[in-house]
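Colleague: Respectively, the protein sequence lines represent chains L and W.
Residue numbering for the first sequence follows my numbering, starting at -15 and increasing by one per position.
Residue numbering for the second sequence follows my numbering, starting at -15 and increasing by one per position.
Be aware that a few hints might be false.
Claimed, not checked - Lysine-lysine pairs mimicking DSSO-like chemistry, simulated, CA-CA at most 30 Å apart:
#, chain 1, residue 1, chain 2, residue 2
1, L, K200, W, K200
2, W, K117, L, K214
3, W, K117, L, K108
4, L, K211, L, K327
5, L, K211, W, K117
6, L, K240, L, K327
Simulated from the structure, these hints should not be mistaken for laboratory data.
As the structure is a prediction and not an experimental result, all values here were calculated from the model.
The residues making up each chain are set out below.
Protein chains: 2
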Amino acid sequence: MDYFTASPKPANLDRQVTLARAFIQQHAEQHRRVALVTSGGTTVPLENQTVRFIDNFSAGTRGATSAEYFLQSGYAVIFLHRQFSLLPYSRHYSHSTNCFLDFMTHNDAGAVVIESEYQQQMAKVLDQYRKAKRENTLLLLPFVTVNDYLWLLRELAIQMQPLEANGLFYLAAAVSDFFVPAARMVEHKIQSSEDYHQDVTNGDGDRPPAAHMEDKRLIIDLDPVPKFLKQLVDTWAPRSMIISFKLETDPSLLAKKAKGALQKYSHHLVIGNLLNTRKWEVLFVAADGSERWIRVPLGRRTRSVTGKDGDTIENAEPREPSIEIESWIVPEVAQMHTEVISKGKVEMQRH
Amino acid sequence: MDYFTASPKPANLDRQVTLARAFIQQHAEQHRRVALVTSGGTTVPLENQTVRFIDNFSAGTRGATSAEYFLQSGYAVIFLHRQFSLLPYSRHYSHSTNCFLDFMTHNDAGAVVIESEYQQQMAKVLDQYRKAKRENTLLLLPFVTVNDYLWLLRELAIQMQPLEANGLFYLAAAVSDFFVPAARMVEHKIQSSEDYHQDVTNGDGDRPPAAHMEDKRLIIDLDPVPKFLKQLVDTWAPRSMIISFKLETDPSLLAKKAKGALQKYSHHLVIGNLLNTRKWEVLFVAADGSERWIRVPLGRRTRSVTGKDGDTIENAEPREPSIEIESWIVPEVAQMHTEVISKGKVEMQRH
C-alpha cells in the first residue's frame, strides 16, 4: 500500500500549506529564487500518545546556518525544521553556552540594556533578522515526526512547482530510514513491568505491535521508510534543483554511498559529511561524477564553557573551524543553481 | 554484573563532580537547603558513534520551571538537565514562539535596545537570573545519555550526603527504562541497505548487537535499566528527602503505579502526571498512602503563534493554565521537606 494512504495526514498540514502557498506566490511574482531548507532530526514515535520515540542526531546547525547564507545570497527560504531545533538568527544565542541573558544588564535608570561589548554582534544579527521579516523572505514551518516531514515535503514540493528551475531543495534534515506503521502502533506508554495490563490489540495480522515487551526486554521492530527522494526527483519536483545530504560515521563508506545515492535518484548533488568532522569538511559529489572536498581552516575559536555547563561541547568537539563552512557551501550551491537554471533555459529554447 | 562495572564512566564526570563538590560545600557552610532537580529526557544511543538514539519525551519545562521556584524558596539548586533542554530563566525566551529577537529594536542612536513593552517582564527574569549567579545558587550540569545520567546521579548523591536531611532529590527527568549494554553496542551507523558491510562483531555471546537489520527491518532489542531509585533511597542518599515523578498516558493506571512505586522504593513522595494534562494537574501520593490532586485553574493564556511557526503548540495543547502549576507544587514540597527535616532532628535527639 502507498505510504500516504496508510499513514495519517498531520492535523496542521493544511494550515502550513496555506502559509507556504502565499509565501511561494509572493516570491514567484518577485522572480526570487526559493530554497526549501530542511533541518533537524525526525522522530519515530513508539506510541500514539508519545512518551518514547526514536530520533536522529541533529541540532539543526547545518540547516539553520545555511538558511542564513541563502537569505544573504538573495533567496527566499522555507525553513522546514524540527520543532525547537536551532533557527536562523536566534541560533546565535540559543544554546546554554551563549545565553543571551548573559549579554544584558541594568542601566542607571533601571532599564534592561545590552552590554556594550555585545552590541555590535547583536546589531548585525538583529539587522538580518528584521530584514528577513520585513521582506517576508523566511517562512518557518516545524515538523516533529517522520510522518509530518514526509507529508510536508510532498505538499511543499507540489506548491513549489510553479517556480520551475527557480526552486531549490536543500535536504539537510536527518530523516529516519525506519518508521512504525500506524497499524502497528500501540496507543499508550509501553509498560516496563508485566504487572500492568498491556495494550497488544493493535498488531497487524501475524506481527505484534512495533514496540512490545518480551520477557523484561523491550523489542522494537521497524519497517523501512519508502525511498521518498526517488519520488521527489521524478514526480513531486521534476524541474527543481535537488541537493541531498549523506551523513556517515565510517570514512571508508562516505564517497561510495554518496555516489550510490546519485546513481539511484539522479538528482543534482550529494553533500557528504562525517559525524566527527562535519563542521570543517564536506564532500561535494555532483551528477557528472566529480568529487570535491570543501574544507575550511581550523582555528582557535574555542568556546569558554568551563565552570558553567560542565564543558561537554568542548569535550565532544575539541577542534573548531575558524569560519562557518556553510558560508562556503551555500555560494557554491547558488552558483551551481545558476548553471542549472541557464541550462534549463537553453533546453527550453531548443524545444 | 553490576551496572557501573559493565558501563563506561562518562569522560567529563570527574569535572562535573568537582564543580558539584565546591557548590555543595558552599551551601552546606551557609546551612542552605540544596535541591537536586533533574530535568529533560535521557537518550539511549544505538551506535557508539551516535546517529540514532531512543529518547523520552520531555522539553524540560517541569524541571526548569520548578528550579526557579526552588530558588525563590531559598534553595540552592543543582540542575541536572538534558543538554540543550530548557533552562531556568532563559526558558522564558527559548522557544520559537517567544523569540527574544522579537523583543528588540534599534534606538535613534543605532544601538540595540529592548522594546519598552517587554522591559518589565524581562527585568524581572533578569533580576532573578543575576541574583542566582551572584549568590552562586544555581549549578547547571548537563547529561545526554541514560548512562551519563545514572553515573551523575550516583556521584552527586554521594557528594550530597554531608547535607543530611537538608538535601532534596526532585527527580523530574524522563529517564529511560531500557538501555543498550556497552557489550552489545555497534560502533558505526547502522546501514539500511544490505549492500554495505555491517559491523556485527560486537554481539554478546548468543545475542546479536542490540540494533541490527533483519531482512529490511531494523530490530532493536533493549535490556531493562536496573532500578536505580532503590539504590538511591537505600544506599546513595539514605538521609535525604526523595521525590520521584510518574508520567503515564492512561488515566486508569496513574494512582496505582504511583502507589506501587512508593511501596517498592519507600521514599517520600511520588508526583504523578498524565501526558495530556500535566500542565494543570498533578497527583501527590505520599508515603502515608494519602492521595491528593493539585490543580490550577485553566485560563485564556493562549499564545499567538499563528502565521509564524505553523501553530503546532496551540494544536497540541489547546488549554493553558492561568498560572504555572510549579508555583504551587514547589512550596508544598518545601513544606513537606521542612517536616522531614524536623522529624529527622527529633529522631536524632531520641537516640
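Colleague: Give a verdict on every hint.
Modeller: Status of the hints after comparison with the structure:
no.	hint	in the structure
1	L:K200 to W:K200	holds (25 Å)
2	W:K117 to L:K214	violated (53 Å)
3	W:K117 to L:K108	holds (28 Å)
4	L:K211 to L:K327	holds (27 Å)
5	L:K211 to W:K117	violated (51 Å)
6	L:K240 to L:K327	holds (28 Å)
In summary, the structure is inconsistent with hints 2, 5 from the numbered list given earlier, while agreeing with the others.
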